[in-house]
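Turn these sequences into a full structure, and let the hints steer you where they fit.
Top line first, the protein sequences correspond to chains B and P. Everything in the first sequence is counted per numbering that gives the first Met the number 0, starting at 0 for the first residue and increasing by one. Everything in the second sequence is counted per numbering that gives the first Met the number 0, starting at 0 for the first residue and increasing by one.
One or more hints might be untrue.
What the hints assert, rightly or not - Between beta-carbon pairs, the in silico distance windows are:
#	chain 1	residue 1	chain 2	residue 2	range
1	B	Phe64	P	Thr208	47 to 53 angstroms
2	P	Lys241	B	Phe309	38 to 44 angstroms
3	B	Glu407	P	Ile66	50 to 56 angstroms
4	P	Tyr245	B	Val316	33 to 39 angstroms
5	B	Leu325	P	Gly162	50 to 56 angstroms
6	P	Leu56	B	Leu187	45 to 51 angstroms
What the hints assert, rightly or not - Among chain P residues calculated to face chain B with C-beta under 10 angstroms, some are:
#	residue
7	Lys89
8	Ala116
9	Pro131
10	Gly178
11	Thr180
12	Lys236
Quick caveat, the hints were computed from the structure, so don't treat them as lab data. Here a beta-carbon is modelled for each residue, glycine too, at the ideal position from N, C-alpha and C.
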Amino acid sequence: MSFSVNKAFKKPLNKSSSKKLTCSLTAMAVGASLLLSNPVFASEGASDVEFEASSNIAIEQRYFFKEALYPEQLHHSQTSLSIETELYWQWNGGNDSIIFTPFYRLDSQDSQRTHGDIRELAYVHASDNWELRVGIRKEFWGVTEFQHLVDVINQTDGVEDFDGEDKLGQQMLNLSVVNDWGIVDVFLLPGFRERTYAGAEGRLRGPLVVDDENVSYESSAGQQHLDVALRWAHSVGDFDLGAYWFHGTNRAAYLSPSALEPSSTLVQYYSQMDQLGVDVQATLGDWLWKFEGIHRSTSLEDFWATQAGFEYSFIGVFASNIDLGLLMEHSWDSRGEVALGAQGSLLQNDLFLGARLAFNDMQSSELLMGIGSDLDHNAFSFLIEANRRFGANVIVSVDVRLLHSNDENDLLYSLSNDDHAQVSVAWYF
Amino acid sequence: MLTKKILISAISALSLTLASNAAFALSAEEQKGLDISMEAKKRDLGWQDSTADMRMLLRNKQGQESIREIKIKSLEIHGDGDKSLTIFNKPRDIKGTAFLSFSHPVAADEQWLFLPALKRVKRISSRNKSGPFMGSEFAFEDLSSFEVEKYSYKYLGVEELNGFTNFKVEQYPVDENSGYTRRIVWLDTLEYRIHKIDFYDRKNSLLKTLTFSGYKQYLAKHWRADSQEMINHQNGKSTELKWSNYNFKTGLSDSDFNRNSLKRAR
Chain B
0 MSFSVNKAFK KPLNKSSSKK LTCSLTAMAV GASLLLSNPV FASEGASDVE FEASSNIAIE
60 QRYFFKEALY PEQLHHSQTS LSIETELYWQ WNGGNDSIIF TPFYRLDSQD SQRTHGDIRE
120 LAYVHASDNW ELRVGIRKEF WGVTEFQHLV DVINQTDGVE DFDGEDKLGQ QMLNLSVVND
180 WGIVDVFLLP GFRERTYAGA EGRLRGPLVV DDENVSYESS AGQQHLDVAL RWAHSVGDFD
240 LGAYWFHGTN RAAYLSPSAL EPSSTLVQYY SQMDQLGVDV QATLGDWLWK FEGIHRSTSL
300 EDFWATQAGF EYSFIGVFAS NIDLGLLMEH SWDSRGEVAL GAQGSLLQND LFLGARLAFN
360 DMQSSELLMG IGSDLDHNAF SFLIEANRRF GANVIVSVDV RLLHSNDEND LLYSLSNDDH
420 AQVSVAWYF
Chain P
0 MLTKKILISA ISALSLTLAS NAAFALSAEE QKGLDISMEA KKRDLGWQDS TADMRMLLRN
60 KQGQESIREI KIKSLEIHGD GDKSLTIFNK PRDIKGTAFL SFSHPVAADE QWLFLPALKR
120 VKRISSRNKS GPFMGSEFAF EDLSSFEVEK YSYKYLGVEE LNGFTNFKVE QYPVDENSGY
180 TRRIVWLDTL EYRIHKIDFY DRKNSLLKTL TFSGYKQYLA KHWRADSQEM INHQNGKSTE
240 LKWSNYNFKT GLSDSDFNRN SLKRAR
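Right under this line is the structure:
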């Protein structure tokens with residue numbers, strides 16, 4: 000549900016080399032399998048290697064209600080096919096395991112959305128009170144629903160969906176130690192992933208296309224900068240707490256119009272950042288109180304941002320088995336409201352309301368509705384998500400998203416022709 | 000005015016005394032009901048930890064069926080409720096989802112859910128006792144570990160069932176979030192194994208009947224039923240639950256029941 004498109008950045012940037020360090024999937028796979036080769040061979044000697052494979056194939060149809068705002072964009076209809084497979088081996092009673100999860104999407108319209116990724120290719124060794132995880136993985140942090148402010152390890156796979164919840168696999172070495180006073184995680188993150196953006200043909204983008212060939216970095220190491228993170232997480236009674244420090248490449252690029260006149264693309268600049276983050280959830284009866292806060296410091300700016308709110312559950316409404324959850328969250332950013340084209344936050348003073356209905360039936364039917372509203376000017380987004388299982392292995396989802404803004408300075412304004420409905424049929428096997 | 004106040008406080012003090020007396024001084028039927036339940040709990044103590052596979056077959060009125068496959072790991076905690084880790088295998092779309100629970104006899108349980116698509120661990124509210132477990136006819140509270148403190152009791156007599164002589168005990172949930180006003184439980188007088196439970200809804204009408212079959216004894220002590228069938232009398236649906244691969248004292252410890260083990264649970 001979060002809306003994580005970066006605003007364009009007008010101020011000319013201190014451009015370093017625009018040479019792009021492409022880190023191909025093959026290279027990553029080879030690198031990771033080299034890292035993993037020892038445990039793989041070790042496993043051949045060990046008895047009781049258990050193997051599991053599972054996959055899903057999904058076909059997705061989007062329909063945009065209005066004609067495109069920009070000439071190259073697709074007109075109304077966008078069809079897409081995706082496949083994800085998970086291969087899993089474990090031995091030593093599950094204390095050693097390898098997971099491999101390749102993903103691929105084929106899109107009928109947007110060449111940038113046709114893409115593949117290794118979501119996971121990792122070896123995990125678990126001991127009594129520590130775990131070592133090596134390879135390409137996904138790590139999620141946070142407690143809120145409408146924006147994932149503190150979630151920082153993985154890059155967003157921006158072409159996947161509008162909600163920013165899809166992530167690219169991140170190479171890492173992660174040691175996790177369980178103590179009486181909480182779990183401490185140390186991360187070494189070699190190899191940065193650039194965010195994926197809609198191409199020229201794609202909808203759900205601003206007037207200028209983000210150029211994936213024109214990328215620069217603050218660090219002279221570029222994509223090879225070694226990022227580090229340290230996190231503590233603990234549960235104390237009704238409270239779940241987390242705090243971390245991240246030092247490395249900013250996952251969000253500063254975007255600015257290319258120097259060529261007339262500018263037709265946005266170039267990406269990835270700064271270095273230091274970020275402190277905190278997440279807290281209090282689970283008090285039917286109430287979940289949630290807070291996320293960050294302080295980010297880059298060479299270009301320093302700011303604070305928060306996401307805070309609650310979720311309240313009604314169990315068995317209308318004398319049925321249906322559960323109703325009501326959600327409210329507020330987003331705040333110390334940078335405040337800024338003109339389109341300046342660096343800032345889209346969620347500087349925004350209120351989100353949501354309602355979730357879980358039918359608790361055999362088909363696991365669910366309905367989610369949400370409204371996001373910018374309290375500083377007239378802009379809102381509205382969404383409905385519904386899904387249900389058909390038979391044993393098919394999930395059908397229907398999503399409708401409506402975006403509206405009266406303010407030409409708002410990024411939502413440039414998306415206001417992109418109201419759409421999306422139907423997806425996924426087969427799990 | 001003052002006398003009225005004194006009178007009111009005197010009356011409320013009196014009613015308090017009466018209430019607490021009632022709580023402590025159990026009737027003979029209440030005492031016997033409590034004793035039977037304590038004996039049932041006592042006879043099963045000392046299993047330490049267990050793992051088992053569970054297969055649920057959900058059936059609706061029209062005869063449509065749906066399958067759930069689950070693996071459960073449990074850890075016995077002395078002086079508190081048990082810890083459990085539930086791993087979902089079917090339906091396929093939720094494969095990899097896992098659920099960690101620290102149960103407590105009276106205080107709210109602590110529960111976390113791992114969602115594999117996002118790799119997200121979510122602390123969830125444990126107030127939902129009465130809701131259906133995965134769309135089945137089992138409520139969450141029907142699957143949680145039995146703790147003596149969760150109910151008050153009344154002994155109803157002896158009845159023949161499945162060729163056994165059974166104690167018939169009525170149980171009244173202490174938790175106000177329970178979906179039931181009462182349960183009637185049949186336990187055989189020989190081994191204190193539960194053979195049948197009748198569940199009465201909040202309006203005190205008969206809602207469901209759970210029957211147990213295929214009891215096997217593990218480690219020459221712990222009796223477990225291979226099969227449980229829950230029939231909902233009000234909506235005509237039923238859920239059959241089959242247990243397999245029961246193992247006890249497998250060496251599980253606290254470190255198998257934390258956020259990290261939840262994330263890698265299989």
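Verification of the hints:
1. Distance hint check for Phe64 (chain B) and Thr208 (chain P): the Cβ-Cβ separation is about 52 angstroms, which falls inside the suggested range of 47 to 53 angstroms.
2. Between Lys241 (chain P) and Phe309 (chain B) the beta carbons are some 40 angstroms apart, a value that agrees with the proposed interval 38 to 44 angstroms.
3. The hinted window of 50 to 56 angstroms between Glu407 (chain B) and Ile66 (chain P) holds, with their beta carbons roughly 54 angstroms apart.
4. Separated by about 38 angstroms at the C-beta atoms, Tyr245 (chain P) and Val316 (chain B) satisfy the suggested range of 33 to 39 angstroms.
5. For Leu325 (chain B) and Gly162 (chain P), the Cβ-Cβ distance of about 52 angstroms falls inside the hinted range of 50 to 56 angstroms, so the restraint holds.
6. At roughly 47 angstroms, the beta-carbon separation of Leu56 (chain P) and Leu187 (chain B) lies within the given 45 to 51 angstroms, and the hint holds.
7. Annotation: Lys89 (chain P) was flagged as interfacial toward chain B, and the flag holds, the nearest CB pair being 8 angstroms apart, inside 10 angstroms.
8. With its C-beta approaching chain B no nearer than about 9 angstroms, Ala116 (chain P) sits inside the 10 angstroms limit, and its interface hint holds.
9. Here the hint on Pro131 (chain P) is kept, as its CB sits about 5 angstroms from the closest CB of chain B, short of 10 angstroms.
10. At a threshold of 10 angstroms, the smallest CB-CB gap from Gly178 (chain P) to chain B is about 8 angstroms, leaving the interface hint in force.
11. The interface hint given for Thr180 (chain P) is broken, as the beta carbon of that residue sits about 15 angstroms from the closest beta carbon of chain B, more than 10 angstroms.
12. Among the interface hints, the one on Lys236 (chain P) holds; its C-beta lies about 8 angstroms from the nearest C-beta in chain B, closer than the 10 angstroms criterion.
Comparing the model with each earlier hint shows a violation of hint 11 alone; every other hint is respected.
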